[in-house]
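Visitor: Residues per chain are reported as follows:
Number of protein chains: 2
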Amino acid sequence: MQQPLILVTNDDGITAPGIRALVEVSSRIGEVVVVAPDSPQSGMGHAITISGPIRLHPVEVFDGIEAYECSGTPVDCVKLAKNVVLKDRNPDICVSGINHGSNASINIIYSGTLSAAMEASLEHIPSIGFSLLDYSHEADFSPGKNYVEQLIRFVLEHGLQEGSLLNVNIPNLPEGELKGIKVCRQADARWVEEFVEAKDPRGQNYYWLTGRFVNEDHEEDTDIWALQNGYLSVVPSMHDLTDYRSLKVLKESMEAVVQGVG
Amino acid sequence: MQQPLILVTNDDGITAPGIRALVEVSSRIGEVVVVAPDSPQSGMGHAITISGPIRLHPVEVFDGIEAYECSGTPVDCVKLAKNVVLKDRNPDICVSGINHGSNASINIIYSGTLSAAMEASLEHIPSIGFSLLDYSHEADFSPGKNYVEQLIRFVLEHGLQEGSLLNVNIPNLPEGELKGIKVCRQADARWVEEFVEAKDPRGQNYYWLTGRFVNEDHEEDTDIWALQNGYLSVVPSMHDLTDYRSLKVLKESMEAVVQGVG
Chain A
1 MQQPLILVTN
11 DDGITAPGIR
21 ALVEVSSRIG
31 EVVVVAPDSP
41 QSGMGHAITI
51 SGPIRLHPVE
61 VFDGIEAYEC
71 SGTPVDCVKL
81 AKNVVLKDRN
91 PDICVSGINH
101 GSNASINIIY
111 SGTLSAAMEA
121 SLEHIPSIGF
131 SLLDYSHEAD
141 FSPGKNYVEQ
151 LIRFVLEHGL
161 QEGSLLNVNI
171 PNLPEGELKG
181 IKVCRQADAR
191 WVEEFVEAKD
201 PRGQNYYWLT
211 GRFVNEDHEE
221 DTDIWALQNG
231 YLSVVPSMHD
241 LTDYRSLKVL
251 KESMEAVVQG
261 VG
Chain B
1 MQQPLILVTN
11 DDGITAPGIR
21 ALVEVSSRIG
31 EVVVVAPDSP
41 QSGMGHAITI
51 SGPIRLHPVE
61 VFDGIEAYEC
71 SGTPVDCVKL
81 AKNVVLKDRN
91 PDICVSGINH
101 GSNASINIIY
111 SGTLSAAMEA
121 SLEHIPSIGF
131 SLLDYSHEAD
141 FSPGKNYVEQ
151 LIRFVLEHGL
161 QEGSLLNVNI
171 PNLPEGELKG
181 IKVCRQADAR
191 WVEEFVEAKD
201 PRGQNYYWLT
211 GRFVNEDHEE
221 DTDIWALQNG
231 YLSVVPSMHD
241 LTDYRSLKVL
251 KESMEAVVQG
261 VG
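Chains as they are written, first to last, in the numbering used here: chain A, 1 to 262; chain B, 1 to 262.
By construction, these hints were calculated from the structure, which means they are not laboratory data. A hint or two may mislead.
Copies of the same chain are indistinguishable here, so a pair counts whether it falls within one copy or spans any two.
In silico lysine-lysine, DSS-like type, Cα no more than 27 Å apart, as pairs [said to hold, decoys possible]:
1. Lys199 to Lys145
2. Lys179 to Lys251
3. Lys179 to Lys199
4. Lys87 to Lys199
5. Lys145 to Lys179
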């Protein structure tokens, strides 16, 4: 392959240290174009901007690298990158992140980082979302970089199945303690919410969302298991949400019962 | 079952005609509590509000029915309903919609309506998202009501598989032309974007997202086929995004190649 074209985005915003790490790794591999949100967009899921205009500006943030900041969501960034910024230049891969904090298990559905990667996969661009299990702004992204580079090179060389993306999470460990990668499934875990209630200066109630992550899926083939045991988790993911477990039984039980008034 | 408790939400906002239709049907079946956004939240996907406070106010919108408007996303509404409004009252079902416009196929991942239903399923509440294939504010929800009622009653009686929700779309047809329901899979379609570029009064560029829906999945077991042929589509859906097609082959090919530097 000639110099591959790599589209980089994220959800923590274009000035986050995590995207800087990903741009650095990507620029060792190919030509890099960055289109990322102009402000943090964590927890935006697969949101798109449909009721207002979106801004897009070229910025000098990464030395010598073509970069744009966008007022929209991470998914908007990918759509604008494909249709406005790159137009006829077809990216060979889209990488999103490195997110500050886990996107393992159920976090994938809330994550702007992974939604951006999924949007790219819908555009037929192989894609990877990367996340480090450290929420802090000062997170150290260097231990995982070697793996990030190998995973990008692997996907550039081998491709992914049509419609597939990779959800890669990196344990927060020193490089020497990273044991390797595990290709695994999404653990069946969830968040249990606890809302903090407070009063504003005018005496009006408001709520602040918080919660704790609960995993009762203790099999050894999950992303949570891999991360707890020192491995990077690699979950091939896709946009088909059909529950194939239920399809046949519901078809038989429901179609006969639910009828028109005739 | 004694009088079931039905949680109603949507993404078009608490004053939309679609939620009024759903509240009307639900109140024939059981006790209804409404927690819905105070403004339109279409296209919000599975977004949650994590960087700001959320407001929640009781409102008199539906005659004699307990209702709250919420400043957050549809997913926030479900989280607040479960943890703040209902607390120890456990809803027997959550219904979301009726959305003004299709949520068939890939629209499920952009849809606040379906994300609210999915959030309920994560909270172990059986749930259904309903959508009518008419985007207009003046959409006529009456033809599908009979089916909406039957589907809610079916799920209350039979339940759904753990973690499952139903994505129900209703063709925009007179009642006599609705042929029945089809339980089906999500068609593998997508949006092709076309950004409209314009200048604001100060001469700055902006973009407006638009696009057209493209379906190249012409099998007869999909939601798009059902809708095009006069049936309501019922897609059992879930939150596990793992691409099981790719799991084994990637496990074999990738784990051996991507290694630590040690």
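Visitor: Between Lys179 and Lys251, at a C-alpha cutoff of 27 Å, which is it: within one copy, between copies, both, or neither?
Guide: Result: close only across copies, 15 Å inter versus 45 Å intra.
Visitor: At most 27 Å between C-alpha atoms: does Lys87 with Lys199 qualify within a copy, between copies, both, or neither?
Guide: between (49 Å within a copy, 20 Å between copies)
Visitor: Taking 27 Å as the upper bound on the Cα-Cα distance, should Lys199 and Lys145 be classified as within, between, both, or neither?
Guide: For Lys199 and Lys145, the Cα distance exceeds 27 Å both inside one copy (44 Å) and across copies (41 Å).
Visitor: Between the shortest in-copy and the shortest cross-copy C-alpha distance, which are at most 27 Å for Lys179 and Lys199: within, between, both, or neither?
Guide: neither (47 Å within a copy, 52 Å between copies)
Visitor: Have a look at Lys145 and Lys179 and pick one of within, between, both or neither, based on CA distance no larger than 27 Å.
Guide: within (14 Å within a copy, 56 Å between copies)
In summary, the structure is inconsistent with hints 1 and 3 from the numbered list given earlier, while agreeing with the others.
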